[in-house]
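*Asks:* As given, the protein sequences belong to chains A and B, one line each in that order.
Per our numbering, the first sequence starts with residue 57, numbered consecutively.
Per our numbering, the second sequence starts with residue 1173, numbered consecutively.
Simulated restraints, written as ranges between beta carbons of each label pair:
1) A:R96 - B:E1472: 33 to 43 Å
2) A:A87 - B:R1480: 34 to 44 Å
3) A:R96 - B:R1395: 32 to 42 Å
4) B:R1480 - A:W80: 45 to 55 Å
5) B:R1438 - A:L215: 55 to 65 Å
6) B:R1486 - A:W80: 53 to 63 Å
7) A:R96 - B:P1291: 22 to 32 Å
8) A:H652 - B:P1416: 15 to 25 Å
9) A:R96 - B:R1389: 22 to 32 Å
10) B:K1206 - A:W80: 44 to 54 Å
11) A:L215 - B:A1413: 43 to 53 Å
12) A:R96 - B:R1360: 21 to 31 Å
Chain A regions said to be covered by chain B (calculated; three or more residues, Cβ under 8 Å):
13) 70-84
14) 96-102
By construction, these hints were calculated from the structure, which means they are not laboratory data.
Backbone N, C-alpha and C fix where the C-beta goes; we use that ideal spot for every residue, glycine too.
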Amino acid sequence: MSILHPLGVLALAAVPVLVALSLWRWRRREAVVSSLLLWREVAAAWRQAPHARRRRHADPLLLVRVAVALVLAGALCAPVWLRPSPRARRLAIVLDRSASMAALRPDGKSRWRACRDELLKLLVRLDAADRVDIVAVPPPANRTIPSELDGQAAASVLLSLEPSEAPVAPRELARAATDAASRHPGASVVVATDAPIEGLPPGASLLATGAPLDNLGITAFAARPVGGASVPREAQHEVLVTVANASARPASTTLVLLADTREVARRSVSLPPGGREPVIFDVRLAAASALEARLIGTDGLGADDRAWLARSARRTRIAWVGDESYFLRRALAVQEGVELVDLPGPPAEAVPRGFDLAVYHRAVPRALTRGSVVAVAPGAAVGGLRPGPPVAVGPASLTAPNDPLLAAVRLDGVALGSVPRPVLPAGFTTLVAVGGVPAIGRWREGEARLLYVGADPAAGDWALHPSFPIFWANVVAATAERGMESAGFASVRPGELVPVGTNGGVAVEEPGGARRPVAGGAFRPERTGLYRLVRGKVSQPIAVSLLSEGETLAPGAEARPASDPLGAQGETVGLAIAWRLEGWLALLTLALVLIHACLAAKLRV
Amino acid sequence: MRDTQSRNPARAPSNQQSAISNQQSLLAPDFLRKLDLLEILFKRNVVGRREGDRPGHQRGGRTEFADHREYSPGDDLRYLDWNIYGRTDRLFIKEFTKQEAALVCVLVDASASMGTGEPEKLFYAKRLAAALAYLALIGGNEAQLAIFAGAEAAWSPRYAGRPDIQAIAAFLEPPEPAGTTDLFAPLRAFRERVHVRSLVVLISDLLEEGGGQRGLRLLASQRYDLSVLHVLSPQELRPPAVGPALLRDAETGRGENLVVDADALRLYADRLNAFCEGWRAFCQRHDVRYLQASSATPFEDCILTYLRRGGLVR
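The shape of chain A in the complex, shown without the other chains:
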């Protein structure tokens, strides 16, 4: 015996109320009679009656009312009687925690709640030996869901989960279902979602929820300076906001644009059913660090009614071409704000578009066009530089110690190993020489800036020396300095990993104001809003916006029970008795019983 809705027990409070009303109804009142002549004997007989007879008789109406209240309380609790099944069963629940699951259905219940209620009904049918795995997509950020839960524990987990504001693609759910089915062969897989999902593994059942949604949402939000990437921050900006209408009727709203919480523009938007409209604002943003687009009014889904953009320091993107070098890779990757991307082979351009720097290890670019190129132990000609045969060399010496690339670099006593004796191009500046042989130097060819490092980090012991990461930090810093000029507005989606660096001492301030330290060099926001990365006295805004057409327009489906996954396993169905009385109907009846008792007590009928 178990109950589906423990809160229904509160309805039992009606019983003492009914008893109190019945006692109140028995209060003494005065009645005028023509004469006590006839009543005197009645009173005498009543006084002489044994105590049991003089006691108040049980009010049959009270008994009926109490019985009705007990029945209704029982119905609200939804008790179920379970029969044990012959052998343990296994159930895997793939739970869609996407933003659209928070959308409200026409009955006022969210898709998430409707789905959860159906799943709870499924869980109470499980026996003690049955086991449940819950796979949430996306997984909750700050906790891990244990596996192989019993029905009760699974229900507790289910009740503790809430939908995130992250977008989830249907294929992710299908993949999670397939993984769950492959991990536990023979398990019943239930996918609870509002997404039109395909590619479920054989035997998996779908618990679809949702309904046509009345929703207006922001599906795109971007800002760019007018006139190129190198204009100052105070310049005119072009801001694009796309608003979509998911409902089946025309809708209109007001779109407001705010810069650092100050309203800078406002526009009315009218959309046909299922329509989308891009709205472009030309605004002067001055030194605003964050933008917000907001739709006025409420609708079925709140997560897409606001979107944010934050101006962030641009990351230094480095393309890696050539052989692997552990020390060099680590020296680059540990730099804050560095994104190291491996390229399979030499690209068409020396520095591919979107990268700030290209590092060629034991490789050379096809053509020098533009950008910054680092050639480490190239082994072949790079532009005008042609490496010669390697020579054994002695200790290194700095020939241009004031160069920014050599700031804080000391190479006293460091053996760089063998270096080639190169043929130098015009304008080559030697930074480090070994026994008179240029080992590190830089030069320009057209619009390309080149840095030559003749020593292979894997050959000498320079990689183990403190000057090695300092040198490469200088290289990255010089590149990043130039990149700062092109900083722009950007946002990430909920559920995406936001790297913050591994230096430690970084805290994230959530939109509500709560601040928590970031561990592991990254954090994963679950909710939309404007976060702040706080490092000492420096605060960097991080915009987290849904901006997902799939979530905004998620049509959902009429709620329908999944095909019985427990029955599909060929087991005995555990549910023997289940009251199916609508909660509102039970509450209404209970209220009528109480009102009737009140009136009866007041009027003493």
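The hints should help you fit chain B onto chain A, whose structure is shown.
*Replies:* Showing chain B alone in chain A's frame:
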């Protein structure tokens, strides 16, 4: 005891208008037309004080033939029946009955207990009294009314003739229910005031111990033609189950705590039944008409059905 004969409002010309309205409220004109078809039944030989329309038991008069008897010397020869002498050659004297006007006296209990019930018992009793008095008047008899509460009573003059119904209504209307029930005092006062044998109708709820029966026994011994109209309200005949209650006596104000539930009501019904049966048995023993009526019974039904069935009118 209080006599209001000298200051009866019905005699005052200024009150003529209110008397008509009172008559209308007690007896509707349509109902009066129905009453015209009825007459009061006298059970015993009542003696009229003056000549009237009703054939009496005393010989005399000239209009109402009663019987023949053989002539005796000294008889008035004007009453010889010459037709019989012509046929039989024997002398017979015609005898006539004296036409009398009998007295119908209606005593109405106006104690506080008569003010209870829905409809009110006193108003119902007043209507009954007015109807009986009207029947007496249209029957060529005299009517006298008395309204009593406690030991005090208001006596009307004797009314005769149909137009006096207005004065009767004016006499009945004003009294309000008050005081305790004392049936013996007005019955004894009646015996002291009225010395001719007449029809006496007592209208009361009889909620008094002993006094009523003592007074009726006194009058029965004087061979008055006696009737008792026992008026009870529906709340007395079938009281509601009100649960725990303080029952307060309308006359004395005394209270009694009781749980009026189904058991109590059963006891009450037994007690009421015994009370009524006691009165019925008493009346049978002393040749008194006993009629019980509920104030909820339609008034016309009461007059035209119950009283007729009870032998008070026909």
